[in-house]
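Participant: Those sequence lines, one after another, are chains W and C. So in this note's numbering, spot 160 of the first sequence is number 261, and the numbers just go up one at a time. So in this note's numbering, spot 55 of the second sequence is number 63, and the numbers just go up one at a time.
Heads up, a few of these hints could be off.
Said to hold, decoys possible - Just the calculated beta-carbon pair ranges, DEER-fashion:
hint: 1; chain 1: C; residue 1: Gly86; chain 2: W; residue 2: Asp247; range: 36 to 42 Å
hint: 2; chain 1: W; residue 1: Leu253; chain 2: C; residue 2: Ala11; range: 29 to 35 Å
hint: 3; chain 1: W; residue 1: Ser166; chain 2: C; residue 2: Thr40; range: 37 to 43 Å
hint: 4; chain 1: C; residue 1: Asp20; chain 2: W; residue 2: Gln235; range: 32 to 38 Å
hint: 5; chain 1: C; residue 1: Pro59; chain 2: W; residue 2: Pro223; range: 54 to 60 Å
hint: 6; chain 1: W; residue 1: Leu181; chain 2: C; residue 2: Glu36; range: 20 to 26 Å
hint: 7; chain 1: C; residue 1: Pro29; chain 2: W; residue 2: Ala129; range: 45 to 51 Å
hint: 8; chain 1: C; residue 1: Thr40; chain 2: W; residue 2: Glu244; range: 36 to 42 Å
hint: 9; chain 1: W; residue 1: Asp247; chain 2: C; residue 2: Pro29; range: 30 to 36 Å
hint: 10; chain 1: C; residue 1: Pro59; chain 2: W; residue 2: Leu253; range: 44 to 50 Å
hint: 11; chain 1: C; residue 1: Ala11; chain 2: W; residue 2: Glu244; range: 45 to 51 Å
Since the hints were made in silico from the structure, they are not lab data. The C-beta atom is built at its ideal place from N, Cα and C for all residues, glycine as well.
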Amino acid sequence: MARANAQRVEDLFYEPTGSSASASPKAANYPNFVSAFNAPPERKWQIEVQSRLLKYAKMQNGWDSYRAPPVGWDTGMFALYILNDVMRTRTPIPQVVPSAAGGVQLEWHQKGIDLELHIAGPYQCELWFRDHQQPNDPPVSLELTDNFSALLRPIELLTTR
Amino acid sequence: MAAVDDGSIADDARLLRRIRPDQIVDDENSGTRRPSSAAFKDAELSVDSEPILNDNGFDWRFSLQGHAGYSLAQFTAGHARAKMLPVIHTPLQNNPAHSEVHGKKTQGVANHLVAGTSWVHLELKSP
């Protein structure tokens with residue numbers, strides 16, 4: 102698919118010169134554009150998030166020097182499942198934080214947005230969202246169990262702002 | 009039975025909480041490194057009451073003994089009580105100042121605690 106797109110885009114930048122078989126590639130003038138356009142979606146977030154989750158899943162009881170339980174494998178898998186659904190190419194990578202209550206928290210604090218998704222276990226989530234560009238709007242604090250559509254708007258803002 | 013806040017810890021008492029390095033987040037909105045609200049989610053949140061430490065001849069350094077790499081954050085008992093969270097002195101054999109902030113910490117409540125938190129000691133190096 103990416104290969105097919107690459108050929109199609111490059112075709113747009115080739116300008117046949119007369120009857121010569123050798124075309125003059127306009128693409129050569131826009132190498133960064135062509136390379137960015139043809140790039141597959143970045144997969145960097147999976148690497149960073151998985152690496153954090155693996156580390157947290159191996160932690161022992163009391164890892165925070167108090168009594169925090171370790172992050173369950175199913176909780177980590179659910180975090181990946183959620184991110185896989187909502188992440189876009191330009192969505193910033195979340196910070197991944199182990200929770201004192203068990204579970205894991207995905208959070209973004211950038212572009213005037215505070216977004217936190219606390220995942221205690223599969224389908225046991227809490228959302229916290231505040232947009233500093235809308236100071237009159239109260240923060241959104243929701244429990245999410247089966248419907249995660251409340252995540253879409255904050256993620257869109259993070260991706261496009 | 010629900011634990012009772014007998015008021016023995018004054019509202020202005022600083023409550024000290026160790027923060028593990030991976031519970032510190034970069035907040036680009038405020039330009040700070042601060043504790044994540046995830047560090048305050050425990051329904052029986054352990055803290056050390058600073059006035060009780062002082063009464064026993066210790067200071068905040070006591071809370072970090074044996075915990076290299078950790079940072080130390082503080083908020084006041086009154087700040088927790090503003091969200092109806094009981095603050096209870098629960099001394100341990102090896103820690104006379106041990107106390108707990110009880111109650112469910114929703115994201116809103118946990119972020120309220122973060123908003124009233126400042127660093128007593130911010131460790132710059134990971135262990």
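Participant: Each hint should be assessed against the structure and marked as holding or not.
Facilitator: Do the hints match the structure? See the list:
1. Gly86(C) with Asp247(W): 36 to 42 Å: holds (38 Å)
2. Leu253(W) with Ala11(C): 29 to 35 Å: The hint (29 to 35 Å, Cβ to Cβ) is violated, given that Leu253(W) and Ala11(C) are roughly 40 Å apart.
3. Ser166(W) with Thr40(C): 37 to 43 Å: Violated, at about 23 Å.
4. Asp20(C) with Gln235(W): 32 to 38 Å: holds (34 Å)
5. Pro59(C) with Pro223(W): 54 to 60 Å: violated (42 Å)
6. Leu181(W) with Glu36(C): 20 to 26 Å: holds (24 Å)
7. Pro29(C) with Ala129(W): 45 to 51 Å: Given range 45 to 51 Å: holds, Cβ gap about 48 Å.
8. Thr40(C) with Glu244(W): 36 to 42 Å: violated (28 Å)
9. Asp247(W) with Pro29(C): 30 to 36 Å: Given a distance of about 34 Å, which is inside 30 to 36 Å, the answer is holds.
10. Pro59(C) with Leu253(W): 44 to 50 Å: With a Cβ separation near 47 Å, Pro59(C) and Leu253(W) satisfy 44 to 50 Å, so the hint holds.
11. Ala11(C) with Glu244(W): 45 to 51 Å: 25 Å Cβ-Cβ, so the 45 to 51 Å window is violated.
In summary, the structure is inconsistent with hints 2, 3, 5, 8, 11 from the numbered list given earlier, while agreeing with the others.
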